[in-house]
Each structure stands twice: as structure tokens, then as C-alpha cells.
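Student: Just so we're aligned: 260 in full-length UniProt numbering is position 260 of the sequence shown, and the numbers increase by one with no gaps anywhere.
To be clear, the hints were calculated from the coordinates, so they are not data collected in a lab.
Note that the Cβ used here is the ideal one computed from N, Cα and C, for glycine as well.
Careful, some of the hints might be misleading.
[To be verified] With beta-carbon atoms standing in for the labels, derived distance ranges:
id, residue 1, residue 2, range
1, 188, 119, 43 to 49 angstroms
2, 175, 98, 16 to 22 angstroms
3, 358, 325, 48 to 54 angstroms
4, 98, 328, 27 to 33 angstroms
5, 119, 161, 31 to 37 angstroms
6, 301, 31, 20 to 26 angstroms
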Amino acid sequence: MIPASIEGHRAAYMTQSTSTSASEPKYDGLDFVDHMIAGAVAGTVEHTAMYPIDTIKTRMQALSQPGQRLHMSMREALRIALRREGVSGLYKGVGAVAAGAGPAHAMHFAVYELAKESFGGNVGGGHHPAIAALSGALATITTEGMMTPVDVVKQRLQMAHTPYQNVLDCVAKTFRAEGISAFFKSYSTTLVMSIPFQLLYFSVYEGTKKVLLEPVLWRHGSRNSSELKTVQQKAVTQRHHAPSFSVKPPILSPSEEDLDEAMEDSLSTQLLAGGLAGGVAAAVTTPFDVVKTRLQTQGVHSATQYGSTSVISVMSRIYQDEGMSALWRGLRPRVLFHVPAAAICWGTYESLKTFLSSRD
1 MIPASIEGHR
11 AAYMTQSTST
21 SASEPKYDGL
31 DFVDHMIAGA
41 VAGTVEHTAM
51 YPIDTIKTRM
61 QALSQPGQRL
71 HMSMREALRI
81 ALRREGVSGL
91 YKGVGAVAAG
101 AGPAHAMHFA
111 VYELAKESFG
121 GNVGGGHHPA
131 IAALSGALAT
141 ITTEGMMTPV
151 DVVKQRLQMA
161 HTPYQNVLDC
171 VAKTFRAEGI
181 SAFFKSYSTT
191 LVMSIPFQLL
201 YFSVYEGTKK
211 VLLEPVLWRH
221 GSRNSSELKT
231 VQQKAVTQRH
241 HAPSFSVKPP
251 ILSPSEEDLD
261 EAMEDSLSTQ
271 LLAGGLAGGV
281 AAAVTTPFDV
291 VKTRLQTQGV
301 HSATQYGSTS
311 VISVMSRIYQ
321 DEGMSALWRG
331 LRPRVLFHVP
341 AAAICWGTYE
351 SLKTFLSSRD
């Protein structure tokens, strides 16, 4: 899952260089390609760092036995995995994510920025939540088209008794046994889950950020987040262009210290709001995630087979065979994944943006 508001929740603005060699538009002070690079690395770091929790979630959700109401806690799933396979068992399939998350996140940022610019999301200070949410939804449609096959391979390898040796073995055997359609059976379900996830994530994020940022805006004399963004940019510019030969860091004037403090306040607020939004969105969309996992792992080591790819049909069957609790299986690890994932992805993304902008 790729949070649409990673870039969208910051006010974006366009700048044009007067030189011919640098005539390409800049988004938030960076070239378009730089955003793609930062997004690709951030996405890869996010998914690999949180991978063990994702493995536990997959095993809990894939657990099924028609007519029986099975239950496995997160702690029990972790204990069994470590006892039987060791730590390495929690990283089965990580190669698929490492290879696919980067290009998918780069594509996400590309589509997101183009859509936002086309819809006028960079005009008037760049703070247009509805446009950002719509752009994020469109980016999700493209991104999930790339990530769904990766996710199928990943989850099949994450299974406790997976019959596959590695990524290539999984791809080859799945293709021979089920054809190319096996890699896309869950695409519609993924969209049904991901688009509401993005919209809910963005709504909760914006609402939380507005509440948390009010004292920061008041303290630094800014009327809105766009003005605070200008304050942040001044602090970043000052830090980047400090003389490299200085023995001691330059002494900041009181106003410059305020700029630096404003930037830190805003970043911590964004991380907190992002984590809360990720947790809420993940919790609400858990039943759809269970359906997605079942569709992607069906037939693997006696996992239940579903004759339909319809979300309603599969959800109804899970409810009839295993009860309502089965649709909420994996809720805790799913929330535990998405809360820090937003902070990891955002922190990596911002750090890379700082590094890339310091080259100028």
C-alpha cells in the first residue's frame, strides 16, 4: 500500500528557472525525476523495514478451514514462525518487494504529480485536499497494477508451508499451473481496498494536521500552512548553503531559530498525523485486505479455493464458513504495519529530498 498523501500533504509549488538548461518545472523545489527517485527509495525502505510484520499478517489472514472458526494471535503466529523457521522465515518473499516497490513508488509519484498539476492542485498555495485525494486515487490505480503481481508472489512465499523455493520458482510454477490471470485475480479487490484507504488516509491526515498545526502557525505568525511552508524552505536553504569551511555552525538570529523550529514542529506534526491516519485507514479496510490475501494465496498448501474474484462473493463465503471474526483477522499487525510505515516512508523521503536539493 502507497500513501497518496506522502507528497500531497505538503503544499507544493512550481518554480521556473530563468536559465535554458534548467527550464524544466520544479515541484516543491525539486525536479520531477528527483521526486521519483526519492519516492522509489522511500517505498523500498518502508516495505523492507516492516516486512516481518507483514509476513505475520499474511499468515494470520490466510489461515482458513471451512466450517471451523480458527484463531491465531499475533504473538502465537510470531512464536510459531520463529520456532519453525527462525528469523529468516519472516523475510520469505522480500526479494519480490525489493524489486517491485521501487518502480511502483516511482510511478506513483509520477502519476500523482502529473494529475495534481493537471487538476490545478499547485495553484493558490497548493493546498487543495480534494484534488490531492483524487490525484492519489488515480495514482493508486496505476501503481496497484504494477504491485498486484508482486504482492501475489510475495504472499505465496510468505505462507507457513509454501511450496516455492524463491521468487523465480514461485513465478514459474504459478504461471504453469494457473496462467497469467493468477497474478491479477486480486486487482479489483485491491482497488476496492486501496482507493477508500487513500481517501480515508488523506481525510484523517488533513483533519489531524489542521488541529495539531494551529498552535504552530500561531506561534510563528503564519496565517496558513502555505506561509509555514515558506518558513520551512528558508530554514532548509540556510542550512544547505552554510559555508563548508566554518569551524562552528553559523549562529542563528532569533528569527532564524524560529524558522528552524517551525520546520521541526511541522515535520513532527506530519509524522504524527500520518501515523494516525495510516492506522485508522488500515483498520477500517481490514476486511478487504483479508479478501485480497485469500484470493492471492488460494490453492497454496490446501488454502481455500474461491470460484469467484468478486469481493462480495468471497467476503460472504468467508463470513458463512468462518464467521465475522475471520474478516478482521490480522487487524493488529496490519495497523502496526501502517502506523510506523508512514513515518519511515516520510522520513526517508524528506531526507532524500534534503540531500537532492543540497546538490544545487
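Student: Just to be sure I understand the hint, the distance between the Cβ atoms of residue 119 and residue 161 should be within 31 to 37 angstroms; is that true here?
Tutor: This hint is violated: roughly 47 angstroms between Cβ atoms.
Student: Does the Cβ-Cβ separation between residue 358 and residue 325 fall within 48 to 54 angstroms?
Tutor: Cβ of residue 358 to Cβ of residue 325: about 51 angstroms, so the range 48 to 54 angstroms holds.
Student: Is 20 to 26 angstroms respected by the C-beta to C-beta distance linking residue 301 and residue 31?
Tutor: violated, 47 angstroms
Student: How does the Cβ-Cβ distance of residue 175 and residue 98 compare with 16 to 22 angstroms: does it lie in that range?
Tutor: Holds: the Cβ-Cβ distance is about 21 angstroms, inside 16 to 22 angstroms.
Student: For the pair residue 98 and residue 328, does the Cβ-Cβ distance stay inside 27 to 33 angstroms?
Tutor: holds, 30 angstroms
Student: Given the hint of 43 to 49 angstroms, check if residue 188 and residue 119 actually sit that far apart at their C-beta atoms.
Tutor: violated, 25 angstroms
This entry does not satisfy hints 1, 5 and 6, going by the numbered hints stated previously.
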